[in-house]
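*Asks:* According to our numbering, the sequence shown holds residues 3 to 221 in order.
Since the hints were made in silico from the structure, they are not lab data.
Predicted, not measured: the structure shown is a model, and the values here were computed from it.
It is possible that some hints are incorrect.
Okay, the calculated beta carbon distance ranges per label pair [as the list claims (entries may be wrong)]:
(1) Pro95 <-> Pro202: 17 to 27 angstroms
(2) Pro185 <-> Asp15: 24 to 34 angstroms
(3) Gln47 <-> Arg190: 18 to 28 angstroms
(4) Lys13 <-> Arg39: 54 to 64 angstroms
In silico DSBU-like links for lysine-lysine, alpha-carbon gap of 30 angstroms or less [stated by the list, open to error]:
(5) Lys200 <-> Lys13
(6) Lys198 <-> Lys26
(7) Lys26 <-> Lys37
(8) Lys46 <-> Lys6
(9) Lys13 <-> Lys26
(10) Lys37 <-> Lys6
(11) Lys13 <-> Lys112
(12) Lys198 <-> Lys152
(13) Lys37 <-> Lys214
(14) Lys91 <-> Lys37
(15) Lys111 <-> Lys91
(16) Lys113 <-> Lys13
(17) Lys113 <-> Lys37
(18) Lys112 <-> Lys198
(19) Lys91 <-> Lys13
(20) Lys6 <-> Lys113
(21) Lys91 <-> Lys214
(22) Lys200 <-> Lys46
(23) Lys214 <-> Lys113
(24) Lys111 <-> Lys13
(25) Lys26 <-> Lys152
(26) Lys113 <-> Lys198
Where is the CB? At the ideal position from N, CA and C, for every residue including glycine.
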Amino acid sequence: RFLKPYRVHYKQDGRQLSWDYVVKHDSLSVLIFNKTRNCMVLVKQFRPAVLMHLIHTGGQGDGTIAKELQSEQAGSAAQSAGTVMAFDKSPIPISSACCYELCAGIVDKKKTLVEMAQDEILEECGYSVPLDGIHFITSYQTGVGTSGSKQWLYYAEVTDAMRTGTGGGLVEEGEHIEVIDLPLGELRQFMFDESKPKSPAILFAFMWFQDKQQSQLSL
3 RFLKPYRVHY KQDGRQLSWD YVVKHDSLSV LIFNKTRNCM VLVKQFRPAV LMHLIHTGGQ
63 GDGTIAKELQ SEQAGSAAQS AGTVMAFDKS PIPISSACCY ELCAGIVDKK KTLVEMAQDE
123 ILEECGYSVP LDGIHFITSY QTGVGTSGSK QWLYYAEVTD AMRTGTGGGL VEEGEHIEVI
183 DLPLGELRQF MFDESKPKSP AILFAFMWFQ DKQQSQLSL
């Protein structure tokens, strides 16, 4: 539904090469700062791909394929044709694959990017933000080795009075999102805490905030 795999053949410096890649939707993300409580508003959700990476590497994340996975024939894991895997019980704690991320969504609607950002803020985090309160920061390529898709990054400031819903994402789309408030004073510690899985977009967005925005706030 969201990913289509392809292989491209090309020549580079006279050599015939090939590369496997996927076509996927572009996306957008929003850095949200709550002025009432001086905190960043993040989302936290389970990412199956992160769990599978941990399982394939034995929970080490060092690129080594786990011996248990290679020889597993029964029990908690079942593998079919080398492409499909299902679990009754994960050998790795599910919490290890619950990632901290910016509010984000794919670009798949006939709306402007700012309108889609507005929708995501409400759906995932529960804040109603006017369109003129959502500001463009920059754009960049994501997954440069796998998809090369583009992501647009925005910034929005909110207050508790703008909280009109609980957030959590759309249940009908299989979303189960936890809204996280990260105090401003904990940003740097959070950025370098490897025990908290996070997307690289968060790191860049926090650095942008500290460089461009934090000095303008009355804290």
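*Asks:* Hint compliance check: list the failing hint numbers for this structure, sorted ascending.
*Replies:* Of the numbered hints, 2, 5, 7, 10, 11, 14, 15, 16, 18, 19, 21, 24 and 26 do not hold.
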